[in-house]
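Novice: Each chain is listed here by its residues.
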Amino acid sequence: MVGLYVVAIAGLSLSFVLDSSRTKKGVKVAWNKFNKILPGYLKILMILSVVLLIPDEMIVKYLGESSSYMGIFLGAIFGSITMMPGFIAYPLAGVFLRQGVSYMVIASFITTLMMVGVVTYPVEKQYFGRRATIIRNVTAFGIALIISVAVGIFYGELI
Amino acid sequence: MKKAQKNYAAFAVFLVFIGGSLTMGFDLGIRVGDNFWIFAWDMLRILPPAFLLIGLFDVWASRKMIEKNFGNVSGIKKYIWSVLLAATTVGGTFVAFPVANALYHKGAGYSAIFTYVTAASLVMIPMSIMEASILGIKFTLIRLGVSLPIVIISSMLLGAYFKRRNYILPEQE
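Chains as they are written, first to last, in this note's numbering: chain B, 218 to 376; chain X, 198 to 370.
Keep in mind the hints are simulated off the structure, nothing from the lab.
Hints should not be assumed to be uniformly reliable.
Okay, the calculated beta carbon distance ranges per label pair [to be verified]: (1) B:Val268 to X:Ala209: 17 to 23 Å; (2) B:Lys278 to X:Tyr364: 37 to 43 Å; (3) B:Met287 to X:Lys335: 20 to 26 Å; (4) B:Met218 to X:Lys335: 23 to 29 Å; (5) B:Arg348 to X:Gly272: 45 to 51 Å; (6) X:Ile227 to B:Val312: 18 to 24 Å; (7) X:Lys199 to B:Phe290: 36 to 42 Å; (8) B:Met287 to X:Lys274: 39 to 45 Å; (9) X:Val270 to B:Gly359: 26 to 32 Å; (10) X:Gly272 to B:Gly373: 36 to 42 Å; (11) X:Gly222 to B:Pro272: 17 to 23 Å.
One side only, chain X facing chain B, incomplete, derived with CB under 8 Å [claimed, not checked]: (12) Phe211; (13) Phe223; (14) Ile235; (15) Ala247; (16) Leu249; (17) Asp255; (18) Val256; (19) Pro295; (20) Thr315; (21) Met327; (22) Pro367.
For every residue, glycine included, the Cβ atom is placed at its ideal position computed from N, Cα and C.
Full structure from sequences and hints, please.
Specialist: What follows is the structure in structure tokens.
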């Protein structure tokens, strides 16, 4: 996070020293792009605030009690519909682990959480178009399942 | 434009709802507000510098340079650059989508931007460190080791598919 600001400020300063009019143009481009996508981000924020009302205990209950393949599938479903920043997602994954949820189910939850975005659809669509957005998300869901099965095999949870 | 205004209006109503819940102690509304603030704070901190960098990238990066390193002619190199760029991207897909779009319009190939976006959600360095400290280094190593080849192979397939269809990503300004 600090690194991002260091890079941004350094980049801006360097750019300004090299060519101030081009820098002004760059800032304007940044502002236009941001302005255009802001309503999409706000929409996502609103949806997420409501989706995250799903209590953690409920997720644990479903993920812990299911059979292995069903658990992976449910983990991927929960992960796909919700979205969280890493600093919330990983501590939550730690809680899951302590409550007896298997590694492969945690893997399916975490990977889909990061990779599949049902709620981020409005923003992704503006950058990728409808077709690429849908295909990317479906592929990502498949990749997450493969990763989870691999994790299950490595941890001896499947065979 | 009308759609954007609708979203702003909905957002204003949403804020009033949260404000009202806070003053009147409406529990459900307060919880929604808490969730909202977690994400809003994250976005407020990450999006301004991220978009600033995208704007600077737009005016400085030459088409030739991007084509050479991320384009269809660049061979294996584009995957390496895409993964490295993804590993250091802060902010997950919220930042990765606009970056991918900017790269594409500067001449990056489909397989490169799909590698970038997918890797940005799987191999980010700060996140992987956090993961290893909570779930164990073994978990992270397995996940990364399995992910990387799959990410690249699936991006090649997706890239070939979209190229054949002559698909074009929407332009953002």
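Novice: Next step is simple, just say for each hint if it's right about the structure.
Specialist: Going through the hints against the structure:
1. Remark: the range hint 17 to 23 Å for valine 268 (chain B) to alanine 209 (chain X) is upheld by a beta-carbon distance near 21 Å.
2. The hinted window of 37 to 43 Å between lysine 278 (chain B) and tyrosine 364 (chain X) holds, with their beta carbons roughly 42 Å apart.
3. The hinted window of 20 to 26 Å between methionine 287 (chain B) and lysine 335 (chain X) holds, with their beta carbons roughly 24 Å apart.
4. The hint said 23 to 29 Å for the Cβ distance between methionine 218 (chain B) and lysine 335 (chain X), and at roughly 27 Å that hint holds.
5. Range check, arginine 348 (chain B) to glycine 272 (chain X): about 27 Å between beta-carbon atoms, so the 45 to 51 Å window is missed.
6. Between isoleucine 227 (chain X) and valine 312 (chain B) the CB atoms are about 22 Å apart, so this pair conforms to the stated range of 18 to 24 Å.
7. Range check, lysine 199 (chain X) to phenylalanine 290 (chain B): about 40 Å between beta-carbon atoms, so the 36 to 42 Å window is met.
8. Distance hint check for methionine 287 (chain B) and lysine 274 (chain X): the Cβ-Cβ separation is about 42 Å, which falls inside the suggested range of 39 to 45 Å.
9. In this structure the hint that valine 270 (chain X) and glycine 359 (chain B) lie 26 to 32 Å apart at CB holds, the actual value being about 29 Å.
10. A C-beta distance of roughly 39 Å is found between glycine 272 (chain X) and glycine 373 (chain B), which places it inside the suggested range of 36 to 42 Å.
11. Against the hinted window of 17 to 23 Å, the Cβ-Cβ separation of glycine 222 (chain X) and proline 272 (chain B) comes to about 20 Å, which satisfies the hint.
12. The criterion of a C-beta within 8 Å of any C-beta in chain B is met by phenylalanine 211 (chain X), whose closest approach is roughly 5 Å, and the hint holds.
13. Interface restraint check: phenylalanine 223 (chain X) against chain B, minimum CB-CB distance 13 Å, threshold 8 Å, status violated.
14. Taking 8 Å as the C-beta cut-off, the interface hint given for isoleucine 235 (chain X) holds, the closest approach to chain B being about 7 Å.
15. Annotation: interface hint on alanine 247 (chain X) holds; nearest CB of chain B at approximately 7 Å, less than 8 Å.
16. Taking 8 Å as the C-beta contact cut-off toward chain B, the hint placing leucine 249 (chain X) at the interface holds, the least distance being around 5 Å.
17. Restraint check, aspartate 255 (chain X) versus chain B: the minimum CB separation of about 5 Å is within 8 Å; hint holds.
18. The restraint placing valine 256 (chain X) at the interface with chain B holds, with a minimum CB-CB distance near 4 Å, inside the 8 Å limit.
19. The restraint placing proline 295 (chain X) at the interface with chain B holds, with a minimum CB-CB distance near 6 Å, inside the 8 Å limit.
20. A hinted interface residue such as threonine 315 (chain X) counts as satisfied when its beta carbon comes closer than 8 Å to some beta carbon of chain B; here the least separation is about 7 Å, so the hint holds.
21. Interface restraint check for methionine 327 (chain X): the shortest CB-CB distance to chain B comes to about 5 Å, inside 8 Å, so the restraint holds.
22. Because the beta carbon of proline 367 (chain X) sits about 5 Å from the nearest beta carbon in chain B, less than 8 Å, this interface hint is met.
Of the numbered hints given earlier, the model fails hints 5, 13; all others are met.
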